[in-house]
Amino acid sequence: MSVVEFLTILLPVSFTIFVMTLAYDDNPLYEIGAYLLIGSSAGWSAVVIIDFLRKSAWTPSFTGKPLYFLSILLGLALFARYFKNYRWLYRYPMAIVIGTGVGLAINGAIGAQITKQISANFLPLVSGAPMTIFNNLLIIIGSMTSLSYFLFTDRFSNKYLGGISKIGRLFLMATFGAGFGSVMTFRIETIIGRIDYLVLPANLYYSIVVTILVLAYLIGRDYLRRKKQP
Amino acid sequence: MAEKKSLIDKIQDLDPKIIYAILLVSLLIPYVRPLGLPIPISPETRAYWDYITHMPPGSVVAVQLASDPSTIPQTRSSHQITILRLFEQDCKVFFFTLRDDAPPLHEEMMKWVEAHLSAGKTITYGVNYVNIGYVADAEATIASLVADVKGLVEQDAYGNSLSSLPMMADINTGADFDLVVWNDGSRGIYMYALRQWREKLGTPLVIIAATINKPGIMNYIQSGQVAGGAFGVDGGAQIETISGYLGDAKKATEPGSLSALTLTILLLVSNTIYISKRFGKQPEIKGGEVK
Amino acid sequence: MALYKTQGPIVVAFLSALIVIVSNFVDAPGLGQLSTDVKSFGAIIAGFALFVGLLGIMQSHVNNVTKRKPLWQYSVLLVAVLVLFIAVGLAYGANSTQFLWIYDTIYGPLTATTYSLLAFWVCSAAYRAFKPRNLESGILVFTGLLTFFGIQPIASVISPIFYNIQSFIMSVPNIAGSRGIVIGIGLGVIGFGLRVLLGWDRSWMGAD
Amino acid sequence: MVGLISGKISDFVVLLIFWATLYFSIRTSMSGKLPNLRRLPAIDAIDEALGRAAEMGKTVLFTHGTGTLESSEAAGSLAAIAALPYVARKCAQLELKLFLPTGSHTAYTVLSEVARESYQLEGKPELFDQNNIQYLSNVARAYSAGVMSTLMTQNVGAAVFLGSYHHAGLMLVETANRVGALSVGGTDSTSQIPWFVAGCDYALIGEEIYALGAYLSKDPVSVGGLAGLDIIKALILAVITLGVVLYQVGIDLTGWFRV
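Residue numbers (this note's numbering), protein chains in the order written: chain S, 654 to 883; chain Y, 2 to 292; chain W, -12 to 195; chain G, 417 to 675.
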């Protein structure tokens, strides 16, 4: 086995276990992992983004689309934020980002989030299986009451409408309940991904050895600390 | 009675490390002794798979990957089996990603796909598929791509000019695609595709995502704006079950299941104690006692 | 205050939003191309914006090192690995095996594990804080536990009821509630858009 | 050839109706006729929490979340900061010590100004202490660790968490719970709302934090915008009702939205 092959397994296994030690306590191994993560993620992003900018702005501006050189200048103007006297310069590129962002979001939102969501409530209530009718009815009532929960002026919240919005709050709670279930499942699935990695046949022995060493270090560190401060 | 009460208090204020340990043990048991659980198929995954398998030969499909190293174990099965299936059906696939750390994951999954193609089937870069790699994570990116596919970036991920690739000859705007497969990971940026692609041009959209985004997307599936979805490890396991291809998802449902069972029991215990304490006698004044 | 500092950006934001919005509804010669270019500019500047964030990280850690702030040794490590990534990426290329190797051995495992740790925090926090304080949070806890458990394959082995309840919560009350939220957010976007177009909302410009 | 794109006409009309409604509503409110907003229970909850803290001689913690003022989470942070003057003035009245931890440099300046001014308006500038406004870190983990240590060491009796929170939210709420602080929370980060509802003594949901900000700041543009959105929402509710009823007799309005 060459050194590179050895490191190809040892490094990722060790880093995985280093970071996991945070569940035990805050310790230098975890800090190493945390700082390496920030550094490597910034470095990685930088390279990939440079590649994107080269393809989308730099190359085109010299091959037939000179206008795109302006986008580079605007992009660079974002860095004016770091210079007190020229701070205002960065507002111009921001204006384009905000303007296009808001414009695009509006274009899509009217259809995707408003009219199609309104018409999604046009469901049969008089024909079909009883269970389907019941479900449809719940969806319609729930959508309307949960929307009316977000009415804030007092002309819409007299004592009758107030009761309706309370029902809406209950439907919202069910939505957040479903959200809770999904978040919990999601989080557990992420840790399974890492355990799966550690127990791969090629990695298993490395995992066991590194875990033992790390645990020995953590327990020893604790022991020494307790000895110092009885 | 003082003794008993302190035990209940102890259970209620369980040291987090004990919870971690319980969780870890229940996660590890299925690795030692697999449970062999059956996987029920849900309607949204069924709809997803039906949509993929009914793509006629020659259809052009856009596949976006926004999973990162932490979410890829949850979406890998659904994603790579989908790509494999599309190639088996002679679809043309256009790959891109909105996450800067996703390109290596794409390459890794393409290796799996190539290894699992049925005998005699070959795929050629530039003819059957094209990959433009990373494009900036913004709604404007999707809008720009939909307006002019070759305009956003003029080169693919490997430095070839897009107009030199045979597959791209007839692909100019978002309207030239027959389906968008959007792997959202845990990012929650599926609105970009929904608003800028589905809404603008009516192109059908299916979503692969981590479970965290499932409740939000279910709404759009009911309204018909999203044609189907495969969510998390569970969705991947279902796709494996329906398609017959093997992956890691089915195996991964077992530790998930067991730890969820343990955790549900723990939560039931802590809630029972809470309810019996709170409603069993006079409600105590909250915030009154600090240990 | 000088015009070019506040009014100029407002006009630019107004124009870019207007071009994008009008081109969505109105067909006019040249407008389509103009709006495509504006969208591409938006995407390119978004790319640069990610870069600005990176510079901020670099700056604050170099600062840690030069001023010998607490934990500055770790900042040295951070800057070193950052430089390593950029050097390898630029020297060998973003698709090179060398660059992919440092991704697989350093970045990949670190990022995946860091986020996976949240599983622990979520579980202990759920144990301590997920309590039915009143009717509303009671419903939340109840539906939360049922969806969390019901979605697992083991639940349908114990009883198919769990799976069916989970599926009902997910596809009926969940949809009803999220529809109210989604319409609300959509309207919020439209409201924010109007305020930006008219220059009534300047929060995006930041302080001076 | 200039013309409307078919299939988008109904969307265009809807957009114009919405904007016209909003525009007139905001204009009316700018001209001095502020619409009345309903009493938000969150304000009572804040009052109660601060009152309790004063009775027991404890301190107060207010934080605007992990969002900065420059990011996409700015809306949440700004809504939270709009509620600060109210909290700070109450604290000044009740002579409570107020901790303002933050993860953003720009927010630090704003928080300092707002807090100092609030104490001055209550005639108690001597109670204002710059040291209670802490810039922790722009790294989410370090920020939440900082807030948690303040909660645990500073005898906090009332905690107000408003704004956008990443995964840190649940840890803060849980810690507030553990030290026995009454907590009022509100966030627009959907994945954190369940934790706030289950963990806080009172929780605001999503949009409500914007309403709270508008309610407390009485800024005409925000309040007018809220009132305008209310009219639009009522309109939408009417359209849904009409559409559902007509659907039962065989008339599908869906086609109207596809013109």
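Check the hints yourself; a few may be wrong.
As the list claims (entries may be wrong) - Below, a list of computed lysine-lysine pairs in the BS3-like style, where the Cα atoms sit at most 25 angstroms apart:
no., chain 1, residue 1, chain 2, residue 2
1, S, Lys880, Y, Lys278
2, Y, Lys278, S, Lys881
3, S, Lys718, Y, Lys11
4, W, Lys(-8), S, Lys880
5, Y, Lys252, Y, Lys11
6, G, Lys424, G, Lys634
7, S, Lys769, G, Lys424
8, S, Lys737, W, Lys54
As the list claims (entries may be wrong) - Here are a few chain W residues that face chain G, going by a calculated C-beta distance under 10 angstroms:
no., residue
9, Gly(-5)
10, Val(-2)
11, Phe1
12, Leu2
13, Leu5
14, Ile6
15, Val52
16, Arg55
17, Asp91
18, Ser111
19, Ala112
20, Arg115
21, Ile172
22, Leu174
23, Gly180
24, Leu185
Read the hints as simulated data drawn from the structure, not as lab findings.
All values derive from a computational prediction rather than experimental measurement.
Even for Gly, the Cβ is constructed at its ideal location relative to N, Cα and C.
Right, here's what the structure says about each hint:
1. Only pairs whose Cα atoms come within 25 angstroms are accepted, and Lys880/S paired with Lys278/Y is rejected, the gap being roughly 40 angstroms.
2. As the CA atoms of Lys278/Y and Lys881/S are separated by approximately 41 angstroms, the hinted pair breaks the 25 angstroms bound.
3. Distance hint between Lys718/S and Lys11/Y is unfulfilled; the C-alpha atoms sit about 70 angstroms from each other, more than 25 angstroms.
4. With a CA separation close to 62 angstroms, the supplied pair Lys(-8)/W and Lys880/S exceeds the 25 angstroms bound.
5. Proposed proximity of Lys252/Y and Lys11/Y is contradicted: the alpha carbons are some 36 angstroms apart, above 25 angstroms.
6. At most 25 angstroms may separate the alpha-carbon atoms for a hinted pair to count; Lys424/G and Lys634/G exceed this at roughly 37 angstroms.
7. Restraint check for Lys769/S and Lys424/G: the C-alpha separation of about 13 angstroms stays at or below 25 angstroms, so the hint holds.
8. Taking the CA atoms of Lys737/S and Lys54/W, the gap is about 22 angstroms. The hint holds against a cut of 25 angstroms.
9. Among the interface hints, the one on Gly(-5)/W is violated; its C-beta lies about 19 angstroms from the nearest C-beta in chain G, farther than the 10 angstroms criterion.
10. Against a cut-off of 10 angstroms between C-beta atoms, the interface hint on Val(-2)/W is violated, since the closest Cβ of chain G lies about 19 angstroms away.
11. For Phe1/W, the suggested interface contact is broken, since its CB lies about 14 angstroms from the closest CB of chain G, more than 10 angstroms.
12. Interface hint status for Leu2/W: violated, as the beta-carbon distance to the closest one in chain G is roughly 17 angstroms, over 10 angstroms.
13. Checking Leu5/W against chain G: minimum C-beta separation of about 12 angstroms lies over 10 angstroms; hint violated.
14. Taken as an interface hint, Ile6/W does not check out: its beta carbon lies about 15 angstroms from the nearest beta carbon of chain G, beyond 10 angstroms.
15. Nearest Cβ of chain G to the Cβ of Val52/W: about 16 angstroms, over the 10 angstroms cut. The hint is violated.
16. Taking 10 angstroms as the C-beta contact cut-off toward chain G, the hint placing Arg55/W at the interface is violated, the least distance being around 17 angstroms.
17. The closest approach between the C-beta of Asp91/W and any C-beta of chain G is roughly 24 angstroms, which is over the 10 angstroms cut-off, so the hint fails.
18. At a threshold of 10 angstroms, the smallest CB-CB gap from Ser111/W to chain G is about 8 angstroms, leaving the interface hint in force.
19. For the restraint placing Ala112/W at the interface with chain G, the shortest Cβ-Cβ distance is roughly 4 angstroms, inside the 10 angstroms limit, so the hint holds.
20. The criterion of a C-beta within 10 angstroms of any C-beta in chain G is met by Arg115/W, whose closest approach is roughly 5 angstroms, and the hint holds.
21. Hint status for Ile172/W: holds, given a least beta-carbon distance of 8 angstroms to chain G, under 10 angstroms.
22. Because the smallest distance between the Cβ of Leu174/W and any Cβ of chain G comes to about 5 angstroms, under 10 angstroms, the interface hint for this residue holds.
23. Look at Gly180/W: its Cβ gets to within about 8 angstroms of chain G, closer than 10 angstroms, so that hint holds up.
24. With its C-beta approaching chain G no nearer than about 8 angstroms, Leu185/W sits inside the 10 angstroms limit, and its interface hint holds.
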